[in-house]
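Taking the hints into account, I'd like the entire structure generated from these sequences.
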Amino acid sequence: GAVVSQHPSWVICKSGTSVKIECRSLDFQATTMFWYRQFPKQSLMLMATSNEGSKATYEQGVEKDKFLINHASLTLSTLTVTSAHPEDSSFYICSARDYGTTSDEQYFGPGTRLTVT
Amino acid sequence: SQQGEEDPQALSIQEGENATMNCSYKTSINNLQWYRQNSGRGLVHLILIRSNEREKHSGRLRVTLDTSKKSSSLLITASRAADTASYFCATSNSGYSTLTFGKGTMLLVSP
Numbered sequence: 001g002a003v004v005s006q007h008p009s010w011v012i013c014k015s016g017t018s019v020k021i022e023c024r025s026l027d028f029q030a031t032t033m034f035w036y037r038q039f040p041k042q043s044l045m046l047m048a049t050s051n052e053g054s055k056a057t058y059e060q061g062v063e064k065d066k067f068l069i070n071h072a073s074l075t076l077s078t079l080t081v082t083s084a085h086p087e088d089s090s091f092y093i094c095s096a097r098d099y100g101t102t103s104d105e106q107y108f109g110p111g112t113r114l115t116v117t
Numbered sequence: 118s119q120q121g122e123e124d125p126q127a128l129s130i131q132e133g134e135n136a137t138m139n140c141s142y143k144t145s146i147n148n149l150q151w152y153r154q155n156s157g158r159g160l161v162h163l164i165l166i167r168s169n170e171r172e173k174h175s176g177r178l179r180v181t182l183d184t185s186k187k188s189s190s191l192l193i194t195a196s197r198a199a200d201t202a203s204y205f206c207a208t209s210n211s212g213y214s215t216l217t218f219g220k221g222t223m224l225l226v227s228p
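Sequence lines, in order, name chains E and V. Each residue of the first sequence is one higher than the last, beginning at 1 in our numbering. Each residue of the second sequence is one higher than the last, beginning at 118 in our numbering.
Don't read these hints as lab results, they were simulated from the structure. Glycine included, each C-beta is placed from N, C-alpha and C at the ideal position. Any given hint could be a false lead.
Quick partial rundown of chain V residues pointing at chain E, CB under 10 Å, derived from the structure [stated by the list, open to error]:
| hint | residue |
| --- | --- |
| 1 | Pro125 |
| 2 | Glu132 |
| 3 | Leu165 |
| 4 | Leu178 |
| 5 | Thr181 |
| 6 | Phe205 |
| 7 | Thr217 |
Now the structure itself:
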């Protein structure tokens, strides 16, 4: 149980295009999902907290107009990188918290590797 | 700045040996968690230890927490080549708050 999937696993896009990444909780409901980015050989940096039915909360320094987050249902959150540039190339990971438990645990997706050429 | 700082940054050992990784943090926490990440993959939750706990075991894993020193350690006993991965600690200030990750320790276990 407690599986989180991400789609796509990897994507290569041209500079200036937009890319959408999906994060799904497969066997539980998640009112809260989190989006992280990770540069090679570095740690995870929280980008934003996504709450179902409301606006996402962005961390300081993260451009909300560039990284659009939508959490339309209890099992799906999307991150859209708009007008992507090579510096946006990174590993994007989402996590979700199980709404049905009091557990503090976050369940992580397998990540999406974005390469912008 | 990041809450957790792991050391060492990288560790290379032989199969069968024990591996110890340390994590220090700066502010009060509700809990501290350890995760494993294989290269280019997502994170796997290993163990959670609450601020009122001092030690926890899970299989070959042993985690300690010293809130007075704001530090935690992860011990992997009888390591295996499959344990090769990066290990991160992550802290949470309250039950449902966000996680703040440390920089991680890269562990290489040679056969």
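Hint check results:
no.	hint	result
1	Pro125	14 Å, violated
2	Glu132	24 Å, violated
3	Leu165	6 Å, holds
4	Leu178	15 Å, violated
5	Thr181	19 Å, violated
6	Phe205	6 Å, holds
7	Thr217	7 Å, holds
Comparing the model with each earlier hint shows violations of hints 1, 2, 4, 5; every other hint is respected.
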